[in-house]
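Heads up: the sequence lines are chains G and P, in that order. When you number the first sequence by my numbering, it's gap-free, plus one each residue, and the end is 371. When you number the second sequence by my numbering, it's gap-free, plus one each residue, and the end is 654.
Treat the hints loosely; a few may be bogus.
Sample of chain P residues facing chain G (criterion: CB under 8 Å; computed from the structure) [what the hints assert, rightly or not]:
no.: 1; residue: Leu235
no.: 2; residue: Ser275
no.: 3; residue: Phe328
no.: 4; residue: Gly362
no.: 5; residue: Gln366
no.: 6; residue: Pro369
no.: 7; residue: Ala457
no.: 8; residue: Gln550
Derived DSSO-like pairs (lysine-lysine); straight-line CA-CA distance at most 27 Å [claimed, not checked]:
no.: 9; chain 1: G; residue 1: Lys159; chain 2: P; residue 2: Lys315
no.: 10; chain 1: G; residue 1: Lys159; chain 2: P; residue 2: Lys247
no.: 11; chain 1: G; residue 1: Lys159; chain 2: P; residue 2: Lys153
no.: 12; chain 1: G; residue 1: Lys159; chain 2: P; residue 2: Lys326
no.: 13; chain 1: P; residue 1: Lys315; chain 2: P; residue 2: Lys247
no.: 14; chain 1: P; residue 1: Lys315; chain 2: P; residue 2: Lys153
no.: 15; chain 1: G; residue 1: Lys159; chain 2: P; residue 2: Lys191
no.: 16; chain 1: G; residue 1: Lys122; chain 2: P; residue 2: Lys537
no.: 17; chain 1: G; residue 1: Lys159; chain 2: P; residue 2: Lys320
no.: 18; chain 1: G; residue 1: Lys247; chain 2: G; residue 2: Lys357
no.: 19; chain 1: P; residue 1: Lys537; chain 2: G; residue 2: Lys159
no.: 20; chain 1: P; residue 1: Lys520; chain 2: G; residue 2: Lys159
no.: 21; chain 1: P; residue 1: Lys321; chain 2: G; residue 2: Lys159
no.: 22; chain 1: P; residue 1: Lys343; chain 2: G; residue 2: Lys122
no.: 23; chain 1: G; residue 1: Lys271; chain 2: G; residue 2: Lys247
no.: 24; chain 1: P; residue 1: Lys305; chain 2: G; residue 2: Lys159
Since the hints were made in silico from the structure, they are not lab data. Quick reminder that beta carbons are idealized off the backbone N, C-alpha and C, glycines included.
Chain by chain, the residues:
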Amino acid sequence: MQAKAKAFNPQIFLELLCYSVFAGLMLYLLDSGKYLSYVTPRMEPYLYFTAIVMGIWVFIGLGRLFQPQHKMRSAHCYVLAIPILLLLLPHSPLSTSDFSASNGGSALSGPNSYSPAPKQAPSADSGSDDSAPGSTDPAEDFSSAAPEYTADLPGLDVKNQKITVANDDFSIWLSEIYMNMEKYKGYTVVMTGFVFKDHEMIEQDEFVPARLMMSCCVADLAPAGLLCKYDKASELKAESWVTVEGTLSIGQYEYDGVQYDEPQINVRKIMPAEAVEGYVYPY
Amino acid sequence: MALPVYVVTGFLDAGKTTFLNKLLNRRDWRETRIIVVQFETGEEEFHSRYDNCEHIAFPKKILEQQSQQIVEQIRDRILSGEFDEIWIEWNGVVPFSQLQALLLHPPLRSLCQIQKVMHIADAMNIENLLGRTGNALPEQIASSDFAVVRNDGYSAKAYSRVRRLLRGINPGVKIYQVNSDLYKQLFEKKERPVKNFFRIIVLLIILYLMVKPVLEMLQIPVNTIVNVFLGIILQAFPFLLIGVLLSSAIQIFIPQSAVERRFPKTMGLGMLVAIIGGFCFPVCDCASIPVFRSLVRKGIPLAAAVTFMAAAPVINPVVILSTYYAFGGNWAIVAGRVVFGIIAAVIIGLTFVVWAPRGNVLSGGVLDRLMCSCGCYQDAESITTFREKADLFMRHSQAEFFSVGKYLVIGTFIASLFQVLGTGIFTAAQSGAQLAVSILIMMAMAFSLSLCSSSDAAVARSFASQFPLGAIMGFMIFGPMMDIKNVMMLSAGFSRPFIVRLLFTAFIVCFAVVFIVFGGGGT
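Work the whole structure out from these sequences, hints included.
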């Protein structure tokens, strides 16, 4: 067949096909932002690099497309074909329920009807003008500012000792608060997350308004957030989305026989919130 | 209808003509009319017992200077009568691709086509010949559909070594002894790997769509496994690419003599260079393994290369930074990871000084040092122009990408299964365990999860509530050095005893370092 087909080389063709489909898929994932379901934004330049190298390989390979070859191989192309197939075949990004279920965390989900909001809402709502928790507007106002500078941290109101954590700034604030817990002690914090309760680590009156945090790739996806002290924590339904408001304090946890400080929130108010799409990425 | 062409390749004195005499003079073939074309005349001459074979021979000189004449002669011969087959005995020192080019000349192109290519090898000589006689021989072996090994009174062990050698050059090739019946091999339909490839792809799609719902009904989180698999792959491929590009560059652009001259002669300095090199190499373990392989091939002392491979993924700046963040700015843990990582890497390297491994650690043996086992048959030292080198560089990196990538994909798949289904086993085993046991558990977990070294700190942190610090440290030092993915990738280039030894040495050393520091300190 090879000889008849004017020495067209199917193996090279197959390799080029794999390179170009893979490169195309990378560009598509980057362009649509879907790569964020698998890896962190830090990988963006590396994925471009991958697409470019594959593109160069295609370009150079074109010269060999009509090089005769007797012994054909194809098995090596599965290295690219299998990831391509899995990327294209239907699957959905991991969600909070995937996570809690695999952790057995959902076993703790308490009384199902959770509605503390009506009880507490009247006291506070209209007062704070700038805090519309759950909306990302504050973040967009500040997004041009470099997040490293404490003065420019989005949602920080030093005068009123209040931190409104927009959904896009979740991880910035998480590390900022961890790093400088003394500085923010006594501040009011507003943040949104899903109720995460890990029965092995967490007391009855505790929960974490968590977001799924990806440090490197989807393999290390894990809930992250600040521990909240809340009397009725057991009434909160696991995996439901809430916006918490409370005061930052410094608590302790014991690890390996040593007491460590960690920031905690003493919850004053809890409101149900819209589920937030996407993961958060540290640094 | 094109005449089928059967080609016999093999080095001078491999027994090509003897083989043809035996095969073509079989009684049951006497009705088959055959043209025999010889491009080499050895000691034995071809003779046709039943007069069914017409015989032409071309000396090598004509082949080099007047190929057009050869094409015309063969064409005239084909047109001069009714024939069933053409058998070609090809010259042992001329690349097979030249024969293909001959047969693709316009007049011959429509008259005949290559059906099967077999390679005849003499078990006695082939090991010596390979690597010394240029590119033609490995290229011929790689292009053959099957190989026939002549094995006169050679030991079974040597025979199996020859088989491995041939398979190293032409993976999966079928190998027969001279006396076996080749009839089926010769006339069975030609395989169509590329067509099969697409068939299998379609099958895989159907399988995925049908099996996924079933497995999910059985509570197996296929979706999670797919996500984790893709996450690791997308994470690892760019680094693998960097690794193979770097490693190919080392292989092709840096002459071996320069490496041997420049690299420090004393062990201490060598180790220091290895560690600084590891620090300056801010990529994860997927990239360090191909580079490790090419360093060894370029003649860097094994101990230094091992130290580099063990240290690079633990101590580079990316890893330091991610550890710092994962542990909330705890410098003690960061420093511990770097220091113990360096100590362990140096000790692992030193074991290879004290007990130098016998034999060749690279799997291809002698051959591998002279040319890569990846289908590029020019050896890097013999080509000189930059263009050729650049071209070889590209092909070399592609071949290496596929050969290491294969193991990366398999390793990642196993690791993603473990990650999704297996962590419970480890945490369950932990309850109430001693420090030593905890360290072992965490190290075993690091091995089977095969995390990328720039991300494992975050995962280690998530286990911090259930495991003591010593165990976490074991996880963070051993994991980057050795895991399923890495062992898989190592097996693309190293001999099995070496990999096993490296794995166990790394395991024992990491365990000992961590246990002495954390167990001795008294918690």
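query = Can you give the numbers of the hints that this structure goes against, from lowest to highest?
reply = none
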